[in-house]
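Visitor: Sequence:
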Amino acid sequence: MAWVVIALFVTGAVLYTVIIYNELVRLRNENDRAWANIDVLLKQRHDEVPNLVETVKGYMRYEKETLLAVTQARAAALRATTVGEKAQADRLLTGALRGLFATVESYPQLKANENFLKLQGSISELEERIADRREFYNEDVNTYNTRIWQFPEFYMAFLMRLKPREMFKVSDADSQPAKVKFADIPMSSVERNAQLTKVMEDERLELEVERQTGSVTPEEYTEAKTALDEIIKRRMARSGGGQGS
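Our numbering applies: residue 1 is where the sequence shown begins, and numbers increase by one.
It is worth saying that the hints were derived from the structure and are not from the lab. Everything numeric in this text was worked out from a predicted model, so none of it was measured. Backbone N, C-alpha and C fix where the C-beta goes; we use that ideal spot for every residue, glycine too. Be aware that a few hints might be false.
[What the hints assert, rightly or not] No farther apart than 20 Å at their CA atoms in a straight line, the calculated lysine to aspartate or glutamate pairs in the EDC-like style are these:
#1 LYS169 - GLU153
#2 LYS43 - ASP32
#3 LYS64 - GLU48
#4 LYS43 - GLU54
#5 LYS163 - GLU54
#6 LYS163 - ASP47
#7 LYS43 - GLU85
#8 LYS169 - GLU139
#9 LYS225 - GLU85
#10 LYS169 - GLU85
#11 LYS57 - GLU105
#12 LYS169 - GLU135
#13 LYS43 - GLU125
[Claimed, not checked] Using C-beta positions, here's what the derived DEER-type ranges look like:
#14 GLY121 - PHE151: 24 to 30 Å
#15 LEU68 - TYR16: 57 to 63 Å
#16 ASN29 - LEU117: 36 to 42 Å
#17 GLY12 - VAL40: 16 to 22 Å
#18 LEU78 - PHE151: 40 to 46 Å
#19 ALA112 - THR217: 39 to 45 Å
#20 TYR16 - GLU139: 25 to 31 Å
#21 VAL25 - PHE136: 31 to 37 Å
Whole structure, please, built from the sequences with the hints as guidance.
Guide: Here is the structure:
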């Protein structure tokens, strides 16, 4: 009789272990699928950036810093490999695009350019889709990270070498699509330059907060801060030159 009880106990334990294993595999696969959906959209947006720069540079011959910020942000996004790196690169690219779109206000012909409007609409749509996918992905990651630390899943996760995963974090401001809001009264070059400098300074403050909270690695922080400092330095130098003339 005792051996029957033991056999039932062992069988139940094995079945329960299999159930836990399958559940963890399912959560891992859902994470992978959710991230793949975001990654595809990020690549699509990266592909639109060169077309956007090519369209606007003919009109914006004197906005080299603005275009450089966009191209550098895209280059950083292409170099990013981990979720954290891609989240940081996405934040930089979003800020650079906002700076570009703000500059467009001073170019009426560009604002009416059909190709530009099409690209702007495409980028805004991709931003919205990324935001939707990001919400689902972060929910999946939160569930996954919680489960692998629960008992008894913790032991199976250890045997499977599962580790906590990063969320795709952005600031509240960056979670909004980068849209163009054209003003009726065009800004002067000094006003426009001050506005774009302010955008970059805000990005630098957000980056500092992320460093203090540990949301970015030291390497990610250094790379992003160096790029932002260089852009801000050029814009402040340009602003000082414009005011002095």
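Visitor: All hints, please: hold or fail.
Guide: Quick rundown of the hints versus the structure:
This hinted pair does not check out: LYS169 and GLU153 have alpha carbons roughly 26 Å apart, beyond 20 Å. Taking the CA atoms of LYS43 and ASP32, the gap is about 16 Å. The hint holds against a cut of 20 Å. This hinted pair checks out: LYS64 and GLU48 have alpha carbons roughly 19 Å apart, not beyond 20 Å. At roughly 18 Å between alpha-carbon atoms, LYS43 and GLU54 fall within 20 Å of each other, so this suggested pair holds.
Proposed proximity of LYS163 and GLU54 is contradicted: the alpha carbons are some 42 Å apart, above 20 Å. For the given pair, LYS163 sits about 32 Å from ASP47 by alpha-carbon distance, which is inconsistent with the 20 Å threshold. Taken as a hint, the LYS43 and GLU85 pair is honoured in the structure, with Cα atoms around 14 Å apart against an allowance of 20 Å. For the hint linking LYS169 to GLU139, the alpha-carbon distance of about 12 Å falls within 20 Å, and the restraint holds.
Under the criterion of a C-alpha separation no larger than 20 Å, the hint pairing LYS225 with GLU85 is consistent with the structure, at around 13 Å. Distance restraint check for LYS169 and GLU85: the Cα-Cα separation of roughly 10 Å lies within the 20 Å cut-off, and the hinted pair is therefore satisfied. Our distance criterion of 20 Å between C-alpha atoms is met by LYS57 and GLU105, whose separation comes to about 14 Å. Under the criterion of a C-alpha separation no larger than 20 Å, the hint pairing LYS169 with GLU135 is consistent with the structure, at around 10 Å.
For the hint linking LYS43 to GLU125, the alpha-carbon distance of about 14 Å falls within 20 Å, and the restraint holds. Remark: the range hint 24 to 30 Å for GLY121 to PHE151 is contradicted by a beta-carbon distance near 50 Å. As the Cβ distance of LEU68 to TYR16 is approximately 58 Å, the hint placing it in 57 to 63 Å holds. In this structure, ASN29 and LEU117 meet the distance hint of 36 to 42 Å, their C-beta atoms being roughly 40 Å apart.
Checked against the hint of 16 to 22 Å, the pair GLY12 and VAL40 fails, with Cβ atoms roughly 42 Å apart. Look at LEU78 against PHE151: about 42 Å separates their beta carbons, and that is inside 40 to 46 Å. Remark: the range hint 39 to 45 Å for ALA112 to THR217 is upheld by a beta-carbon distance near 43 Å. Between TYR16 and GLU139, the C-beta spacing of about 26 Å keeps the proposed range 25 to 31 Å intact.
Taken as a hint, the range 31 to 37 Å is violated for the pair VAL25 and PHE136, whose Cβ atoms sit roughly 19 Å apart.
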